[in-house]
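Participant: Sequence:
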Amino acid sequence: MRWQDFALVASRLLGILGFTLAIAITQAQSIIPSLNDLWIAAGVGTGLTLFAALLAFIASTRGLAPLMFVIADFSIAGGLIYVSQAQPIITVGVVAFLALSLALTVDMIIAGIYIMGLMAIALGLIVYFGSGGDISQSVDFGTIWDAYTLPIIALMLVSAGALLWAYADHRFGSQQQNRLKKLAKEREEALAKTQERARAITEMTSAVTATLDYSRILEAAMDIGDLTVRADAVGNQRVISMVLLFRDDNRLAISSSRGLKPEFNGKTVRADAGIIGKTLVEAIPTISADVAKDPVLGNIPGLRQLRSLLCVPLRAHYDNFGLLVYGTTAPDAFDPDHTDMLQAIGVQATVALQNAVLQGNLRAEKNRIMQMEEDARKSLVRDLHDVPTQTMSGVAMRLDYALRLLERQPEGVAGELQEIRQMAMRAVTEIRHVLFKLRPLALESQGLIAAVKQLAEKMHDNYNQPVTVQVSQDVENFLDEPRQGTLFYLIEEAVNNARKYAEASMITVKGGRKDQTLIVQITDNGKGFDMEATSADYSSRGSFGMVNMQERADLLDATLNLRSAPGKGTSITVNIPIINSQAEEEIFGTKLADEVRRNS
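The numbering used here numbers the first residue of the sequence shown as 1 and each following residue consecutively.
What the hints contain is simulated information worked out from the structure, not anything from laboratory work.
Don't take every hint at face value.
Computed list of lysine-lysine pairs in BS3-like fashion (alpha-carbon distance at most 25 Å, straight line) [unchecked claim]:
id, residue 1, residue 2
1, K378, K366
2, K293, K378
3, K500, K453
4, K500, K510
5, K527, K568
6, K510, K453
7, K527, K510
8, K278, K378
9, K278, K293
10, K458, K527
11, K261, K293
12, K500, K378
13, K510, K458
14, K500, K527
15, K453, K514
16, K267, K293
17, K267, K278
Note that the structure is predicted; figures quoted are calculated from it, not measured.
When you get a sec, could you build the whole thing from the sequences and use the hints?
Facilitator: This is the structure in structure tokens:
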């Protein structure tokens with residue numbers, strides 16, 4: 001039940017009460033017995049009004065309420081005018097009150113019938129009482145007109161005014177209502193679009209968290225963007241969407257598309273001109289209204305007819321992954337809401353691409369670590385096989401010979417045992433060297449410089465290879481233990497490569513600090529090699545040694561430079577940046593930092 005219905009019922013009840021009291025007061029004492037008719041008329045009018053209110057309250061019968069209010073008003077008008085014996089003031093007042101209130105709440109046609117009905121009731125009762133209550137004889141309308149001239153004119157004016165008021169209200173009020181309805185509909189549509197866009201972003205977010213397959217997320221981005229643009233398109237407008245991604249060769253290619261022929265997928269385009277170049281440079285969504293004149297996209301036949309095009313960059317920090325492109329044949333199709341919506345989709349797609357890149361890097365790093373472990377195992381097997389295993393095999397052979405010698409020449413056994421003892425000691429030394437390569441204890445207990453010097457001693461003792469060490473204390477001071485370990489294994493790899501392949505009489509390890517860089521250099525005076533002939537495959541010179549050194553340099557965020565020429569030896573230079581140019585005492589975890597903290 002509407003508030004208008006409550007107001008109508010309340011006004012009717014108050015009107016019935018007011019007119020009933022007015023009639024009772026204005027009646028002469030001789031007509032008091034007729035007050036019973038007054039109460040009956042008031043009661044019937046009240047009952048019908050309440051029944052109409054009940055119909056308005058019940059949803060299933062609400063449509064009958066206006067008709068019931070009309071019937072109730074006819075009963076009220078007839079009853080009150082009748083019991084007042086068509087007194088002019090009461091008659092005009094009742095008709096005016098009812099006509100001006102209900103006529104504004106019902107349809108225009110019903111309002112006209114309603115007012116004419118009230119006029120008919122009022123005029124009928126005027127004629128009835130004007131003829132003395134007997135209309136069986138001929139009615140003298142002239143006499144009635146003379147007696148009721150002003151009331152009849154007043155009734156006609158009231159009726160005409162009520163009709164004009166109802167017409168004006170329905171004419172201009174309906175226009176206002178239509179405008180309000182249109183505005184409400186537009187707001188509902190805008191709200192629905194906003195909810196749809198929020199749902200789309202939620203779905204994109206869910207897709208990003210649910211899968212690491214960036215291609216599926218980019219497909220979802222195109223689908224959602226396509227639906228968003230198509231939902232606002234007027235008529236049968238063509239809509240396209242596509243994803244352009246940078247390939248490994250830094251060329252921009254169409255990765256996937258909607259609304260274009262399949263043969264366009266994989267097509268490369270320029271990234272330095274047109275709306276594409278502008279979007280990539282400015283890193284913000286860009287709109288174009290004339291695609292046919294675009295120097296890049298205008299060359300794609302399926303895009304020349306587009307009159308609105310939006311490019312959304314897929315960019316994270318300073319990395320450009322590509323673009324999302326949406327287009328339609330409708331002019332001015334992209335408003336700020338569209339741009340914000342599609343930019344949000346682009347952000348989610350960029351997150352997916354970042355995740356894919358990180359996941360790919362993680363897999364590559366995992367494979368690299370697994371390969372390093374495999375290479376380390378192969379190196380260990382090779383080291384054990386090349387020296388200690390052969391030495392121990394020699395020990396076993398000499399022991400067999402010593403046993404036979406014991407039977408034939410016992411006096412020569414002592415000398416043979418001495419040889420076996422020396423071979424066993426050499427095997428122990430070789431095994432210790434292998435263990436040193438796996439885990440140099442001096443590196444943990446004494447630091448990088450001591451470990452490199454110990455490496456030089458073992459090279460001399462085991463292989464008679466001279467190694468000179470000239471490493472400044474700065475190198476050790478500015479590197480924490482993990483980075484010292486990485487640098488040591490790089491130096492060890494370089495020294496081993498020089499020993500095995502350079503045929504050098506001297507290997508030199510130098511290290512020091514220059515400004516904010518630690519420089520470590522491993523040189524030899526060996527035979528050298530042709531860098532151009534071996535640059536494509538480091539393994540041809542040192543198995544996986546050069547690859548290992550480069551990987552360890554990458555772990556140090558360092559650069560590794562190799563120089564060599566036939567007959568001129570080889571030089572390997574490692575440039576290691578000092579962390580964030582910090583002061584020595586601020587580099588926690590280094591040897592110098594520990595000393596500063598102990599002395600403070």
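Participant: With reference to the structure, classify each hint as holding or not holding.
Facilitator: Okay, the hints, checked on the actual structure:
The straight-line distance between the Cα atoms of K378 and K366 is roughly 18 Å, inside the 25 Å bound, and the hint therefore holds. A hinted pair counts as satisfied when its Cα atoms are at most 25 Å apart, and K293 with K378 does not qualify at roughly 62 Å. Between K500 and K453 the CA atoms are separated by roughly 19 Å; this keeps the pair inside 25 Å, and the hint holds. Restraint check for K500 and K510: the C-alpha separation of about 20 Å stays at or below 25 Å, so the hint holds.
For the hint linking K527 to K568, the alpha-carbon distance of about 6 Å falls within 25 Å, and the restraint holds. In summary, the hint linking K510 to K453 is supported, as the alpha carbons are separated by about 11 Å, within the 25 Å threshold. Pair hint K527 plus K510 holds up; C-alpha atoms about 20 Å apart against a cutoff of 25 Å. Simply put, K278 and K378 have alpha-carbon atoms about 53 Å apart, too far for the 25 Å limit, and the pair is violated.
Annotation: proposed proximity of K278 to K293 holds, straight-line Cα distance about 15 Å (limit 25 Å). For a cut-off of 25 Å, the pair hint linking K458 to K527 stands: about 23 Å separates their Cα positions. A hinted pair counts as satisfied when its Cα atoms are at most 25 Å apart, and K261 with K293 qualifies at roughly 21 Å. A distance of roughly 17 Å separates the Cα atoms of K500 and K378; the hinted pair therefore holds under the 25 Å criterion.
Annotation: proposed proximity of K510 to K458 holds, straight-line Cα distance about 18 Å (limit 25 Å). Between K500 and K527, the direct Cα distance comes to roughly 12 Å. Compliance with the 25 Å bound is thereby established for this hinted pair. Between the alpha carbons of K453 and K514 the distance comes to roughly 22 Å, so the proposed pair stays at or under 25 Å and holds. A hinted pair counts as satisfied when its Cα atoms are at most 25 Å apart, and K267 with K293 qualifies at roughly 19 Å.
For a cut-off of 25 Å, the pair hint linking K267 to K278 stands: about 20 Å separates their Cα positions.
Taken one by one, the earlier hints fail for this structure at numbers 2, 8, listed in ascending order.
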